[in-house]
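Here's the letter readout for the chains.
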Amino acid sequence: QLTQSPSSLSASIGDTITITCRASQAVSDYMTWYQQKPGEAPKLLIYAASTLHSGVPSRFSGGGSGTQFTLTISSLQPEDFATYYCQQETFGPGTKLEIK
Amino acid sequence: QLQLQESGPGLVKPSETLSLTCSVSGVSISTHDFFWGWVRQAPGKGLEWTASISYRGTPYYNPSLRSRLAISLDTSRNQVSLRLDAVTAADTGLYFCARENLGVPAGSGNWFVPWGQGTQVTVSS
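Which chain is which? The protein sequence lines are B and S, in order.
Residue numbers are given in my numbering: position 57 of the first sequence equals residue 451, and the series is strictly consecutive.
Residue numbers are given in my numbering: position 9 of the second sequence equals residue 39, and the series is strictly consecutive.
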């Protein structure tokens, strides 16, 4: 089971935000992160906890191990406002990032 | 370029069987090292992994859906199929297929990319 915090977040353009994903048990030292916008398929951002998928801007970064992982977005851009999901064997419940 | 395209009936009656197809172009689905998966999303809800299948045809199922699911490969058509029995309104949603990539060595995580655009399924009488 994966939990994400916060479940929703309001931020401004240029802010830096961090989303946390916690696993109920240490299944793996690897976590995947996706971004999803309404009506679209999810887009892969980060895999293996910290590896940036090809084409993803470097303002996205991932970290963590064991039961706690993070997704950080630096210098938020307008196109970053979306819902973010973590995933190991299952998906986390999502974090909705809204513009303040 | 690898592309995935889901297709399905759109509307299914309660208690009936849902059959979905993912047509893959750009790579053979029997290519070594890749799995193929289905992920669904109920209206306004999060993502739920339903099933995956290895390039050899070994299936893996979400335990909560296992008794109603079947995933298969049709290598002659380069398609991945999903069957869900005894559907209810709770099965309504957008169903995505995606290639599942596995980290090396085994146990190094998994990730879905690319994704199809999804096919809408509504369960209603």
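One thing to keep in mind: the hints can contain errors.
[Claimed, not checked] With a straight-line cut-off of 25 Å between C-alpha atoms, the simulated DSS-like cross-links for lysine-lysine are:
no., chain 1, residue 1, chain 2, residue 2
1, S, Lys75, B, Lys490
2, S, Lys75, S, Lys43
3, S, Lys43, B, Lys431
4, B, Lys494, B, Lys437
Hints were generated in silico from the structure; no laboratory data involved.
These figures come from a predicted structure and were not determined experimentally.
Verification of the hints:
1. S:Lys75 x B:Lys490: 11 Å, holds
2. S:Lys75 x S:Lys43: Distance of about 22 Å is within 25 Å: holds.
3. S:Lys43 x B:Lys431: 29 Å, violated
4. B:Lys494 x B:Lys437: 23 Å, holds
The structure is inconsistent with hint 3 alone, although it conforms to all the rest.
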